[in-house]
Amino acid sequence: MVNYQERLDRTFAALTDPTRRAILARLEHSDSASISELAEPFEIKLPAVMKHLDVLESAGLINRKKSGRTVTVRLRAQPMREAMAWLHRYERFWSTSLDRLTVLAESAEKATRRTER
Amino acid sequence: MTSLTLVRRIRARPQIVFDAMTTAEGIARWWGPDSGPVLISESDPRVGGRYRVRFRRLAGTEHECSGEFLQIVRPEHVIMSWRWKGGAEDPGESRIEIRLRAVPDGTEVTFTHSQLVNEASRQGHEEGWTGALNKLETLFATGVSAQ
Chain A
156 MVNYQERLDR TFAALTDPTR RAILARLEHS DSASISELAE PFEIKLPAVM KHLDVLESAG
216 LINRKKSGRT VTVRLRAQPM REAMAWLHRY ERFWSTSLDR LTVLAESAEK ATRRTER
Chain B
268 MTSLTLVRRI RARPQIVFDA MTTAEGIARW WGPDSGPVLI SESDPRVGGR YRVRFRRLAG
328 TEHECSGEFL QIVRPEHVIM SWRWKGGAED PGESRIEIRL RAVPDGTEVT FTHSQLVNEA
388 SRQGHEEGWT GALNKLETLF ATGVSAQ
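Protein sequences appear in the order of chains A and B. Note that the first sequence covers residues 156 to 272 in my numbering. Note that the second sequence covers residues 268 to 414 in my numbering.
Hints are computed from structural coordinates only; laboratory data are not their basis. Among the hints, a few may not be true.
No farther apart than 20 Å at their CA atoms in a straight line, the calculated lysine to aspartate or glutamate pairs in the EDC-like style are these [as the list claims (entries may be wrong)]:
| hint | chain 1 | residue 1 | chain 2 | residue 2 |
| --- | --- | --- | --- | --- |
| 1 | A | K265 | B | E329 |
| 2 | B | K352 | A | E192 |
| 3 | A | K200 | A | D186 |
| 4 | A | K265 | B | E375 |
| 5 | A | K265 | B | E360 |
| 6 | A | K265 | B | D372 |
Residues from chain B shown here face chain A by an in silico Cβ test under 8 Å; the list is partial [claimed, not checked]:
| hint | residue |
| --- | --- |
| 7 | R278 |
| 8 | A279 |
| 9 | M288 |
| 10 | P300 |
| 11 | D301 |
| 12 | V305 |
| 13 | L306 |
| 14 | G315 |
| 15 | W349 |
| 16 | R368 |
| 17 | V370 |
| 18 | F378 |
Okay, the calculated beta carbon distance ranges per label pair [to be verified]:
| hint | chain 1 | residue 1 | chain 2 | residue 2 | range |
| --- | --- | --- | --- | --- | --- |
| 19 | A | R219 | B | V305 | 46 to 52 Å |
| 20 | B | G316 | A | T267 | 46 to 52 Å |
| 21 | B | H344 | A | E246 | 37 to 43 Å |
Note that the coordinates shown come from a computational prediction; the quantities given were computed from them, not determined experimentally. Where a beta carbon is used, it is the ideal one built from N, C-alpha and C, also for glycine.
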């Protein structure tokens, strides 16, 4: 069983590569795509694309389904949602903190100006 | 690199912002994800010095984080390490960098929390992917739970 942290690690690791991000972005626009459709915009060979798909699949970001001679690739939203929710928690944490820092520093600035006068 | 950057403009001079961000008294008044109280605030803002912050969320849970000041140049630059105490969810050490720049009406603060995910930071630091995430986010935005 893969735990939460390992899943996040895999998701973020899969996302560090620009080709893989481009593949995900491509899948974002269409419900599904064949492997040759996915490979088309890249100047890399099919086997290299397959490797990227392997990484994405083991991170749970896509799944592949074979019907006849065509392999259809679909996006799986759950790991991305999880990763995003995780990152958003930090964003909220610091965003709220910096809001309060702003209020604090601005009132300290006003107080300092009064004593400087 | 898994990182998060926030930029703020604050109508206060850099020295005031810097002290609010790094002293124990300052930290006690702003640190935390909601308006719950800071319970412990310790800080020794010099290179090699440590800080420790414990806070309670409005939901009642308590959390503690701590780290070391790795670089500190008053009033413009701080780098510090960060770690949750007993953080099962996020056990690794990450890094916070704060840059302060004087602007005509006060200070521009650039706050970066980086190396948030161990695997991703091992894989290479050259890759900033927040922008890419933002793009992908359009798809998933509805699915992100607001906690």
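Going through the hints against the structure:
Note on K265/A and E329/B: the hinted pairing is violated, with a Cα-Cα distance of about 33 Å set against a maximum of 20 Å. The suggested pairing of K352/B with E192/A is violated, with an alpha-carbon distance near 47 Å, which exceeds 20 Å. Taking the CA atoms of K200/A and D186/A, the gap is near 24 Å; set against the 20 Å cutoff, the hint is violated. Straight-line distance between C-alpha atoms of K265/A and E375/B comes to about 17 Å, which keeps the hinted pair within the 20 Å bound.
With a CA separation close to 37 Å, the supplied pair K265/A and E360/B exceeds the 20 Å bound. At most 20 Å may separate the alpha-carbon atoms for a hinted pair to count; K265/A and D372/B meet this at roughly 13 Å. For R278/B, the suggested interface contact is upheld, since its CB lies about 5 Å from the closest CB of chain A, less than 8 Å. The closest approach between the C-beta of A279/B and any C-beta of chain A is roughly 4 Å, which is under the 8 Å cut-off, so the hint is satisfied.
Given hint, M288/B at the interface with chain A, holds; its Cβ is 6 Å from that chain's nearest Cβ, closer than 8 Å. The beta carbon of P300/B is positioned within 8 Å of a beta carbon in chain A (closest approach about 4 Å), and the interface hint is therefore held. With 8 Å as the threshold, the beta carbon of D301/B comes within range of chain A, its nearest partner Cβ sitting at about 6 Å, so the hint holds. For V305/B, the interface hint is violated, the least distance from its beta-carbon to any beta-carbon of chain A being 10 Å, above 8 Å.
For L306/B, the suggested interface contact is broken, since its CB lies about 15 Å from the closest CB of chain A, more than 8 Å. At a threshold of 8 Å, the smallest CB-CB gap from G315/B to chain A is about 24 Å, leaving the interface hint violated. Interface hint at W349/B: violated, since its Cβ lies 10 Å from the closest Cβ of chain A, which is beyond the 8 Å cut-off. For R368/B, the shortest C-beta to C-beta distance to chain A is roughly 14 Å, which exceeds 8 Å, and the interface hint is violated.
Given the 8 Å rule on beta carbons, the hint for V370/B is violated: about 13 Å separates it from the nearest Cβ of chain A. Because the beta carbon of F378/B sits about 6 Å from the nearest beta carbon in chain A, less than 8 Å, this interface hint is met. Distance hint check for R219/A and V305/B: the Cβ-Cβ separation is about 49 Å, which falls inside the suggested range of 46 to 52 Å. For the pair G316/B and T267/A, the beta carbons lie near 25 Å from each other, so the given range of 46 to 52 Å is not met.
The supplied range of 37 to 43 Å is broken by H344/B and E246/A, whose beta-carbon atoms lie about 22 Å from each other.
Checked against the numbered hints above, the structure violates hints 1, 2, 3, 5, 12, 13, 14, 15, 16, 17, 20, 21; every other hint is satisfied.
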